[in-house]
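J.: Here are the chains, one letter per residue:
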Amino acid sequence: MTTTGLQISVKKRQGRFTLDADLNLPAKGVSALFGASGSGKTSLLRLIAGLDKPDAGHVTLGARALVDTQGGTFLPPSRRRIGVVFQEPRLFPHYRVRGNLTYGMPASARPRFDAIVKLLGIGHLLERMPGTLSGGEAQRVSIGRALLTDPELLLMDEPLSGLDGARKQELLHFILTLVRDVNIPIVYISHDPQELTAIADHLVVLEDGGVLASDALEKVLLRVDLTRQLGGFDAASMLNARVVGHDRDYGLTELALDDERRLTVPLHDAPAGTALRLRLPARDVALALAAPEGTSYRNRLAARVETIAPLPDDSTAVEVVLALGEQRLRARLTRKSRDDMGLEEGQAVTALIRSVAFDTRWR
Amino acid sequence: MLSPAEWDAIQLSLRIALSAVGWILIPGIAVAWLLARREFRGKALLDGVVHLPLVLPPVVIGYLLLVSMGRRGVIGQWLHEFAGMSLPFTWQGAAVASGVMAFPLFVRAVRLSLEAVDPKLEAAAHTLGASRWRIFLTVTLPLCVPGLVTGTMLAFARALSEFGATITFASNIPGETRTLPLALYSLIQTPGQEAAAARLCVISVIIAMISLVASEWLSRNARRRMSERDGQEATP
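Those protein sequence lines, which keep their order, are chains A and B. Mapping the first sequence onto this note's numbering, position 229 (from 1) lands on 229, and the numbers just tick up by one. Mapping the second sequence onto this note's numbering, position 171 (from 1) lands on 1171, and the numbers just tick up by one.
Treat the hints loosely; a few may be bogus.
Unchecked claim - Some chain A residues near chain B, calculated using beta-carbon distances under 10 angstroms:
#1 P89
#2 R90
#3 P93
#4 G104
#5 P106
Unchecked claim - Straight-line C-alpha distance at most 30 angstroms; calculated DSSO-like pairs for lysine-lysine:
#6 A/K168 x A/K219
#7 B/K1043 x B/K1120
#8 B/K1120 x A/K53
#9 A/K11 x B/K1120
#10 A/K336 x A/K219
#11 A/K28 x B/K1120
#12 A/K11 x A/K53
#13 B/K1120 x A/K168
#14 A/K28 x A/K118
#15 A/K168 x A/K118
#16 A/K53 x B/K1043
#17 A/K219 x A/K28
#18 A/K168 x A/K28
#19 A/K28 x A/K53
#20 B/K1120 x A/K118
#21 A/K219 x A/K11
#22 A/K28 x A/K11
To be clear, the hints were calculated from the coordinates, so they are not data collected in a lab. Every residue gets a Cβ at the ideal spot worked out from N, C-alpha and C, and that includes glycine.
Sequences are here, hints too, so could you generate the full structure?
T.: Following this line, the structure appears as C-alpha cells:
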C-alpha cells in the first residue's frame, strides 16, 4: 500500500480510564471521531497530535512514523505537520489576528494567505487583538492559523462546542466550505450526530476508550446495534441526492436519489445538479405494503426490506434497513406493526418519508 | 545643588543596583521557570535556598558571601585565579551582595506570572511548529511581562536599599562601595551632620518614587497592549 492515511494503534492508561484503539483512517476527506464525553475522543486526538505519548503502540501518517514505542520514535508536535483546532480558539492574546495567523506559517504557505483569509471571512479582522473577537470569529482565526502551517492533516476537537445555535451554523458553513476547497484530510471530533452527518465521510464510534465501529459514514449509520450511541430516538440515516428542479409556485424542490427515485422537499435554493446530503431520522420513515392513495405523504419511495432487527434498548420497536437501489435507509416501526404487516426480509414495500433534513455538503 | 559626596553615592547606588538587577535577570527567570514548570528532586531545597536571603539577617548573607567569595573562599580563590577578580571591598562585590538579596523577590514575582500563563497556549504554539525555545521567547515570556516588570522593580528597590550584606561583604568605602544607605549611615554616625543626613534621606525617597512610577507605567503599558480594542486604548 502506498498512501495509507492515518494508522493508529495505541494504548494509554490515564487513572482508571484506558484508551485502547486500533484504527485506519482514509487519506482523504473527513474522518469523524464520535462518542459521549469520556469515550476517549480527545485523548486519541492528543496522541495523534503528539501532545501525549502512548504507553504502547504507534501512529503513522502516510509513510511517516509519528510515534512508535517499539522503535523508540517520538516526533514532538512541532515536527508532525499536523494542524490542531482546539475546542477553545487558544489565540495568542499579545499578537494581532495577523500575527496569530502567521505564527506558524512557513514561507511555502505565504501565497495561500489571502485565499485562506478570504475563505474564512476574516479579512476585516487582521489588525484586531484576539480579546476583541467574538467566539465564532476567534475560532475561524484559529482554523486559519492551523491551516497556514501547511499541515498534512488537520485535527479539529469539537470546534463548534463553545458557540450558540446561529454562530454554530455559521461556523459549520465555513468548515464545510473549507472541506470542499482545501484538499487536506481532517479528523473531526464531535458528540453531535447532526454535525457528523453534515461533515463526515468516515465515522469512528468510540465508547469507554474502545472503538465500536470505523467505516464509511453511510454504513455506520445503518448499524442498528449502535442506535443508542448514534442518537437513540433521533438516530438517522443518510441519503445522497441531487437537485433536479424547483416548483417556485408551491415552494418545493425536487431531488433525485437515483434514476427512478424522486423526493419533493420544501424549497431549497440551490442550482439544479447540486449534490446534497439528506438526513432522515428513522422514526420519520413509515412503511406501506402497497403505494397508498390519498395520503398527505408526498414522498413515497419504492424499497426492498433488507434486514429487520430489534432495537437494543427498546423491545417495543424494530428497526428496518431498506434498500433504495444502491442506497440504504433506516425505518423504525413498532414490533406490532411489523407483525400486523407480516414484514419479511426481501419484501418489496413503499417507504413514506415524513421529513427531511438537509446538510448542504457539496461533493 | 548636590555635593560631590552625595553625587558619588547616588551614582554608585544606581550603578550597583542596576548591575545587581542585570546579573540576576537571566538566572532569576531560569530558576523561576524551574520552580513554576518542572518537577524534580531537590525542588524544595532549591526553593528554600532561593528564599534564604528573605528570611536570614542580611549580615549573615554578607558573612556567607565573605566566607565563600573572599580571597580564601572556594569561589573567591577560583575567581582570583582564573579571572583575576576580587569581589570583597569592590563595587562589583556590592552588586553581588545586592543581587543575592534581591534575587528571591525577583524569582517570586516571575514565578507567579509564569504560573499564570495558560499551558494550553504553549501547547497550541507547539502544534503550530514552534520549538520549545521559540515558544518560551514568543509566548511564555511576553505573557509574563507584567510579572517581569514587577519583579525587576522589586529587585531594583531591594538592591538600592541593601545595607547589611553590602557593609559586611564589601565594606563602606567612599567612592567604591559607599551607596546611599551606607552614606546615610555614616552621616548619622558623625555628630553635626544631621542636615546632610536629611538631604540624603530626601534623595532616597525621590529615587524610590521615580522607580515606582516608571514601573507602574511600564506594566500598565504591557497590559494595555493585550486588551486593546480596535486600535483604541482600553481603560486599564
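J.: Indicate, hint by hint, whether the structure satisfies it.
T.: Now the hints, each set against the structure:
no. : hint              : in the structure
1   : P89               : holds, 9 angstroms
2   : R90               : holds, 4 angstroms
3   : P93               : holds, 5 angstroms
4   : G104              : holds, 3 angstroms
5   : P106              : holds, 8 angstroms
6   : A/K168 x A/K219   : holds, 27 angstroms
7   : B/K1043 x B/K1120 : holds, 24 angstroms
8   : B/K1120 x A/K53   : holds, 17 angstroms
9   : A/K11 x B/K1120   : holds, 24 angstroms
10  : A/K336 x A/K219   : holds, 27 angstroms
11  : A/K28 x B/K1120   : holds, 29 angstroms
12  : A/K11 x A/K53     : holds, 10 angstroms
13  : B/K1120 x A/K168  : holds, 23 angstroms
14  : A/K28 x A/K118    : holds, 23 angstroms
15  : A/K168 x A/K118   : holds, 19 angstroms
16  : A/K53 x B/K1043   : holds, 25 angstroms
17  : A/K219 x A/K28    : holds, 17 angstroms
18  : A/K168 x A/K28    : holds, 25 angstroms
19  : A/K28 x A/K53     : holds, 25 angstroms
20  : B/K1120 x A/K118  : holds, 27 angstroms
21  : A/K219 x A/K11    : holds, 26 angstroms
22  : A/K28 x A/K11     : holds, 25 angstroms
Checked against the numbered hints above, the structure violates none of them.
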